[in-house]
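S.K.: Letter by letter, the chains look like this.
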Amino acid sequence: MEFFGQVVAWFLDPAHWTGSNGVPWRVGEHLVMSGLAVLIGVAIAIPAGLAIGHTGRGEQISTAVAGLGRAVPSYALLILFVPLFGLGFSSALPALILLAIPPILVNTVAGIRDVDADTVEAGRGMGMTEREVLVDVELPAALPAIALGLRTSAVQVVATATLVALVAGGGLGRYIVDGFALRQDDRLFAGALLVAVLAVGTDRAFSWAQSRLEHRAGRPARDAFGPPAVAGGMPT
Amino acid sequence: MIRWDVIQGNLPLIGTKFLEHLALTVVAVVGGLVISGIAVVLIRDRPRIVALVTGFFSIVYTIPSLALLAFLVPLTHLSFATAEIALVGYTLFILTRNLLAGLASVPRDALEAADGMGYGRTRRLWQVEVPLALPLIVAGIRIATVTTIGLVMVTALIGFGGLGQVMLRGYNFRNDTLVLVGFVLTVALGLLADLGLGWLGRAITPWSRARAG
Amino acid sequence: MAATVTFEHVTKRYPGSAASRPGAVEDLSIEVPAGKVCVLVGPSGCGKTTSLKMVNRLIEPTSGRILIGGEDIASREVTDLRRSIGYVIQQVGLFPHQTIGENIATVPRLLGWDADRRRERVDALITLVGLDPAVHGDRFPAQLSGGERQRVGVARALAADPPVMLMDEPFGAVDPIVRERLQNEFLRLQADLAKTILFVTHDIDEAIKMGDLVAVMEVGGKLAQFGTPDEILANPASDFVARFVGADRGLKRLALTRVESLDLRPAVTARVGDDSGEARRRIVADPFEFLLLVDAANRPIGWIGQRQVPASGALTESMASAMSPLLDGKTTLKDALAMLIDAEVQVGIVVDGKGAVQGLVTADEITAYGRRDASASGAPGGAMASLR
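Residue numbers (the numbering used here), protein chains in the order written: chain E, 1 to 236; chain W, 1001 to 1213; chain G, 2001 to 2388.
The shape of chain E in the complex, shown without the other chains (with noise of 0.2 Å):
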């Protein structure tokens, strides 16, 4: 029990809490790469998303993204864009933005597609325009499982934004990569805290919101991207 008093000691200690290598600085790169990932990953998925689903024509383009986003190692990604990009935050964001993409972008054309056939006809026969169809009828409709993508993009890029200290970038990974390599147990305890914390409270965060919206709609979404009977994507 001696080291769990080394690992609060850590927690502790005021020199921890300030400067550019201080919890709150390495918080906040952690959040503001994976916020900026997943924005752009939104930006990009969800209208090619809508596109696809409201006309359901490219749908074998959102099948082979979600084969490559499930097959391609999120570690693997990064180190290769290492050499295309050079080292740190240059080529930690291209690796994210393309781990954000697919749950979002399989999630949004599902969500779209598995909308009622009737309700969308209905909409169409009063006399709905394309577009008052696709924002008046299909998109509230899969609000649920637009969320849910949402959700398992951004617990996954959280999770692998720590890794980005692999590659020589910032965040909460550096206390672990650092704490590995100088063998210093409290600090690699104490970072691996704040990650896993940060990670289970992103997802339950977008898990209540989600929930939220499954309760508006009055039914819950179902997962496109992640296994058969599992919720949430791909572990990190």
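Since the hints were derived computationally from the structure, they do not count as laboratory data. Watch out, some of these pointers could steer you wrong.
[Stated by the list, open to error] Examples of chain G residues toward chain E, derived with CB under 8 Å:
1. Asn2056
2. Leu2058
3. Arg2083
4. Tyr2087
5. Val2107
6. Leu2110
7. Gly2112
A quick note: this is a predicted structure, and the numbers were derived from the prediction, not measured. Where is the CB? At the ideal position from N, CA and C, for every residue including glycine.
Start from chain E and add chains W and G according to the hints.
M.R.: Just chains W and G, lined up with the frame of chain E:
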């Protein structure tokens, strides 16, 4: 960008690491299957315990792999055990959820028929429930395997990692060929496992269109 | 407000397939006069739903024209056209994320009505279909029963007071008891609204009940017969139609016709206190062997057999033995027949609103009517000519 002489020179390393990758994966999935199988048989009739256990497994599943390794290193040090505990940990959530879903998918009338014909609990489990649950069980094994193949790479940090080591070495020595070889082989291994287990799932359950995917 | 809907040689073929592919329509020409209900009926795959969806252009015809109020719908802007046509489908298709009120307000919203006008209209429509705005207006579709959802579907289609309504098996998804109630409510509504309605069903009984006109279609999308329900039941145009309407078409026809449209047989009546000798002379002269004893207001008391009428004295109530079912002019022939079969004397006494005798009808006359053809029946409606 690709230098064939580098590949040739490192062939023994690549071969060893490929096999290590495979071994780490198989041990993790088989270990996970044994643990989750025993857990499911023990707890399946107690919904509150099921919720508790799957809840715990889902938290483990959410923890980033680097953090999970970091939690374990102070306890089990840089060992094979550390790598496998982490890898097995990730398979547990997928496998228990799919085992439970598989057993829940067995039609009630099949169970009643088995009971009516006088099957005992164990015989009913092995001869009726498990075969009918196979599509979802195999789907779980497939997902767990593909996932583990990716996660094995991260254990390169504690001296294992299979093809992750190849990539890491390429990264450390600025050797792009090794980076690429590690990447391509890992993705290929993942896709092969996905296709192979998908095929296996369909082959061993001819009575059902496997819902694997 | 209603408009005539006309199909002129409308054909729908699907590419790369024979004309008999399910859903195809072959040279359909019919005219539905303003304010009438036309039911398209036929087996599945006969093209009835395709025909319906060509009216709001969810499906475009391969050739031919459809006119609403004399105007070719192909020349109308498609969303604009659809907003002017009410559309009800079997699965209702209510928007699950919107309240009942919001659902009903869909087309008014698309048409840009202001919020006050929409709310007023929504409340009026919820009431019209027999629900309560205060109770149901803010509920979500999932909180309603199947029958209630179906009513909301009808209310939503009526929202912008469209001259034409399309209804695709609107009562197909509810149980038979609810269906019957919805059908009756709908007929009552239509009596006031007088919309032009195209109504699709595969159920011949529903077609006969709901339609002013019935278009029977057969597989291959061909029109097998177009006419009033009575015409179709009385004179099926082909073996297909005869089989489709069923072996009991005579009985079905009886359900369409009311007692008042028959030529009633006059009753020989006598009042209590009348001279029995005079009454006896009259009944002996009549082929029907029973005298109907009535009270001072001409209301029936009972029958007296020819031979039971005394040669002299006054008639008294105690002389009447058997009694017959009393029929109202509005009673359908089918119901009348059912009552007569169960009765002691198989002669129905038709009475007016005050209970006074108007005439007699026998079970034989009713069954004979069921066998007669439409042109001889004098039934209302008359032949509705197809354009072909």
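S.K.: Quick check on G:Leu2110 please, does its C-beta sit within 8 Å of some C-beta on chain E?
M.R.: Where the cut-off is 8 Å and the nearest Cβ of chain E is about 6 Å from G:Leu2110, the hint holds.
S.K.: Taking the closest Cβ pair, is G:Tyr2087 under 8 Å from chain E?
M.R.: Holds, about 4 Å.
S.K.: For the hint on G:Arg2083, just tell me whether its beta-carbon gets within less than 8 Å of chain E.
M.R.: holds, 3 Å
S.K.: Have a go at the G:Asn2056 hint: is there a Cβ in chain E nearer than 8 Å to its own Cβ?
M.R.: Holds, about 6 Å.
S.K.: Does G:Leu2058 pass the interface hint, meaning its C-beta sits closer than 8 Å to a C-beta of chain E?
M.R.: holds, 6 Å
S.K.: With a cut-off of 8 Å on the beta carbons, see whether G:Val2107 makes it to chain E.
M.R.: holds, 5 Å
S.K.: Identify whether the interface hint at G:Gly2112 stands, where standing means a beta carbon of chain E within less than 8 Å of its own.
M.R.: violated, 12 Å
Violation of the numbered hints given earlier is confined to hint 7; every other hint is satisfied by the structure.
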